[in-house]
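Participant: What follows is the residue order along each chain.
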Amino acid sequence: MRWLLVAVLAVPAGGALLAAFLPTKAGQVAGTVAAAVALVLSLPLYRDSWFSYGPAAVRPWHEVDLTWVPGLDLRFHLGVDGVSYPLVVLTALLTLLCCAFTLWRAPAPGRGHTLVALLLVIEVGILGTFLALDLVLFFVFFEVVLLPMYAVIAVWGGEDRAHAARKFVLYTLFGSVLLLVGVFTVVVSAGTADIVALTGGGELSRGTQIAAFILLAIAFAVKSPLWPLHTWLPAAHTQAPTVGSVILAGVLLKMGTYGLIRVAVGVAPEGARWAAPALGILAVAAIVVGSLVCLAQTELKRLIAYSSVGHMGFVLLGVATLTTTGIQAALIGNVAHGVITGLLFFLAGAIKDRAHTGELAQLGGLREQSPWLAGILAFAAIASLGLPGLAGFWGEAFAVVASLDKGGPLWTTLAAVAAVGGALTAAYFLRLLRRVTHGPAVGALDPPGLARAEVVTWAPLVLLALAVGLLPALVLGMAGDPVGALVEAVRS
Amino acid sequence: MTSMTQSVDHVALLPAYLAAATAVLVLLTDLIVARRAAVLAVAALGALATAAGAIGVGLGDDRQTFCVPGACSFVANDRSALVATLFALLTLGVIALSAATRDVPPGEYAFLLACSMTGGVALGSAGDLITLIVALETLTLPLYVLVGLRRRTVASAEGAVTFFVVSVVATAVTLLGAALLYAVSGRVHFATLATGLPDLPLTGAAVVLVLAGLAFKVAAVPFHAWAPVAYDGAPVPIAAYLSTASKLGGVVAILYAVVDGFRPALDLTGPALAVLAVLTMTVGNLVALRQTRMVRLLAWSSVAQAGYILAPLGAFMLAEGRTDEALSVAVAATVAYTVFYVLLELAAFGAVVALRPGDDGGQIADYRGAARAHPWVGAVLVLALVGLAGLPPGLAGLFAKVVVVRSLLDGGAGWLAVVVALNAVIGLAYYVRVAAVLYGPSAETPRTRVPWAVAAALAVVTLAIVVVGFVPQVVLDLA
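From first to last, the protein sequence lines stand for chains A and H. With this note's numbering as the guide, the letters of the first sequence map in order to residues 2 to 493. With this note's numbering as the guide, the letters of the second sequence map in order to residues 69 to 547.
So that you can see chain A by itself, here it is in the shape it has in the complex (with noise of 0.2 Å):
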């Protein structure tokens, strides 16, 4: 089982090569398939069963562990646990459906195989995020996604690429120096980059802690992005190719919250405790802020990105309860929102390239003139307000459930502040499908009907946004367990 997890990253990486060299039709057929064999290959990473033996809080179902840069700590350190697992699986499943639309229709100014080497390193990046067991190893897949994902804003992007790209990788890059300074502060005074072993704080000072927890907590904060270093994110969301926006909002973005609950609370408990009641207010100004502004914005995938501001606010609420109850919620809330804004950008795309125009001024009338895409948009705007029975709903349920259980005047308040904002989710997501569904017919859909790809690239997120609904387990069966063990080390 060991090669799977190194396997799980090889393949990409030479699917990227191969899509890189050969000619443009071949090269993406190429980097489809490795997409798909990644996608194979980490389904049975898969393993139902908790050691409840061994001290340590991380305990990985399988491991790889070999030395690469003794000088800086650095070993080629890789596990995968029921905390990753979801993640895993999920970026492999967002990436191989990019890959396939792309291969029935690559954005200006074409170049499909360039584009599908670009998602593949990428998707090795965030995978290597997620699968990393040693901080500088994590740091190093970090940073891999940087430039692939601007090269994929700057040239396959609308009309204010550039600018766009520049700011994402600018902003993003800001996060990372300091998560980089930030995971130094704790190998040199830990002297280990071994998540394993710094997982409950170690031997740590309480002022490390929490100038580490400061640091990573910024750096993770940019990526997610949590208000207000968010600032980035509308501007490469509108701009960016569909299949872009995709995977930047499915899973680039929760390797941010990822980094949040495995690196910046594991490693730093002490600090995630001191700062627990200020990200808990942060979160609900994310939630209630993102709300309001998505309320006044006219434009379709600068709605849809700022939502993800008030998702991942929800999600910060549930890690800053810093209970079991709230870290699952965080965990569940972002496979959700990963799987429900992936479709989401999916079908602004859609929307975008029917219509010639995203303001939802001059969009209307998708009900009469294309049922499908209508029916489909308002599933996925309903499942995004978080309505019980689809997968929004646990996220921003069992956050406010954990802020309330944790009492205190202050919990009990964010508490109340954030359903106040999950009903204004409602609010303007039912605005825009007023707008964009129901209002009078305003410009031609050309062509009406959905292509046969575009089918096969929505089923299976319209169904995961199903099964993950009525079926929170799915996600939280694996993750209870590991995240107990989390809550319990952070606890002592």
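Just so you know, the hints here were simulated from the structure itself, not pulled from any lab data. All figures in this text were calculated on a predicted structure; none of them were measured in a lab. Errors might be hidden in some of the hints.
To be verified - Some chain H residues near chain A, calculated using beta-carbon distances under 8 Å: (1) 454; (2) 459; (3) 460; (4) 467; (5) 470; (6) 471; (7) 473; (8) 477; (9) 478; (10) 482; (11) 489; (12) 500; (13) 504; (14) 540; (15) 541.
Claimed, not checked - Sample of chain A residues lacking proximity to chain H, with all beta carbon distances greater than 12 Å (derived): (16) 5; (17) 7; (18) 42; (19) 47; (20) 369; (21) 376; (22) 405; (23) 435; (24) 450; (25) 452; (26) 473.
Stated by the list, open to error - Each pair of labels, with its calculated beta carbon distance range: (27) 3/A / 357/H: 38 to 48 Å; (28) 538/H / 22/A: 13 to 23 Å; (29) 357/A / 357/H: 33 to 43 Å; (30) 113/H / 208/A: 56 to 66 Å; (31) 7/A / 440/H: 27 to 37 Å; (32) 278/A / 266/H: 53 to 63 Å.
Just so it is clear, CB atoms sit at the ideal spot from N, CA and C, and this is done for glycine as well.
Following the hints, put chain H in place on chain A, whose structure we already have.
Facilitator: Okay, now just chain H, sitting in the frame of chain A:
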């Protein structure tokens, strides 16, 4: 009165002999054969022989010569072998890049390069301040002429004059410092200086003067203004030499002086070097943002890089209770960063030469779409720039930044680590701008042929960058 005759260990001197012989042979070849290719070939072979000689001597036992009781002026050990090999290989690379440089007299050009290499080779073995300064001047002196060697350009002459005036002043400052140090202590050898210096204000002044003079050589702010003018006026391969070999010379000199000689006096310099490092990286990066000429941008970026190189030593000099362990961490970080940097910088300049063979660096706008006409060379330039910014896929550059940040945090200078980190963000802003231009839409640019020597040099450097990117431990073991 003991006898004044000394036995000279010629084996220790072998790399320096080989380098000097290269210079002489080049001159003779130019006289007898008078063919451009022959001259460059002899210079290249000489550089290769020098590298081989340095490695050979380095593999043997440590040697020393020109000794007085307790100290020697010329030492041959692992460290000197590393420095000499680096200089010889850099010279070899620059000679290969010069294959397309047509507007210079080849004989003089290759001769001066070989002379400069001799200085660099000797520098690694310096055991006292005087040998150090003489070696450094031997390294720099030929460069004044090389910068101004291009025919029919005012920029070239302007660059040479600026470089000459500034550099001579710098040398004078360093010499003044060395003289003052001799005045207070009666010593010039590092080994004897390190045993203790009198705690006088004059000692501090002397140390600061020596370091300030050496800071000119690495183009550290505020002693940096010559660099953009000189780089831009020089033939591009010489700009490559200035930003790699010449800068390496400055770094080696500072390391030797600080680590070997001035340790007892470091308290007297206080935060000087740390402040210098912060200023250098910040000013270099900020000014680079506004550059429109390619070589000037690279020049300012190399100013900024000097800041990262100096940072670990600066942090060490700040720290309370300087231990040997902390020193070795700082030195290792400096050496490792310098090696990574030199490789990336050589690749960047090499790619510029390959894209515009025989021409000057030109405007950045002239490179629009260049990566489409020359996909491989364009990719190498982007790899080098991204590496200098410290991001994957330039893993070599990423690990270089990691080494420095780690050493700073290890040395307790967290704030300096944050400054380095934030500077990396500013740096990326201009590196990524150039990379975007390279892949921008272009009017059809005529596809020029890349000379084979340039292509070969570029390929070797790129291979080295890729290898040390995946196996950085090789470089860390050297340091």
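Participant: Against each hint, give a clear statement of whether it holds in the structure.
Facilitator: Now for the hints, and whether the structure bears them out:
no. : hint                      : verdict
1   : 454                       : holds (6 Å)
2   : 459                       : holds (6 Å)
3   : 460                       : holds (5 Å)
4   : 467                       : holds (7 Å)
5   : 470                       : holds (6 Å)
6   : 471                       : holds (7 Å)
7   : 473                       : holds (6 Å)
8   : 477                       : holds (5 Å)
9   : 478                       : holds (5 Å)
10  : 482                       : holds (7 Å)
11  : 489                       : holds (4 Å)
12  : 500                       : holds (6 Å)
13  : 504                       : holds (6 Å)
14  : 540                       : holds (5 Å)
15  : 541                       : holds (5 Å)
16  : 5                         : holds (22 Å)
17  : 7                         : holds (15 Å)
18  : 42                        : holds (23 Å)
19  : 47                        : holds (29 Å)
20  : 369                       : holds (40 Å)
21  : 376                       : holds (40 Å)
22  : 405                       : holds (38 Å)
23  : 435                       : holds (41 Å)
24  : 450                       : holds (34 Å)
25  : 452                       : holds (29 Å)
26  : 473                       : holds (36 Å)
27  : 3/A / 357/H: 38 to 48 Å   : holds (47 Å)
28  : 538/H / 22/A: 13 to 23 Å  : holds (19 Å)
29  : 357/A / 357/H: 33 to 43 Å : holds (37 Å)
30  : 113/H / 208/A: 56 to 66 Å : holds (59 Å)
31  : 7/A / 440/H: 27 to 37 Å   : holds (35 Å)
32  : 278/A / 266/H: 53 to 63 Å : holds (57 Å)
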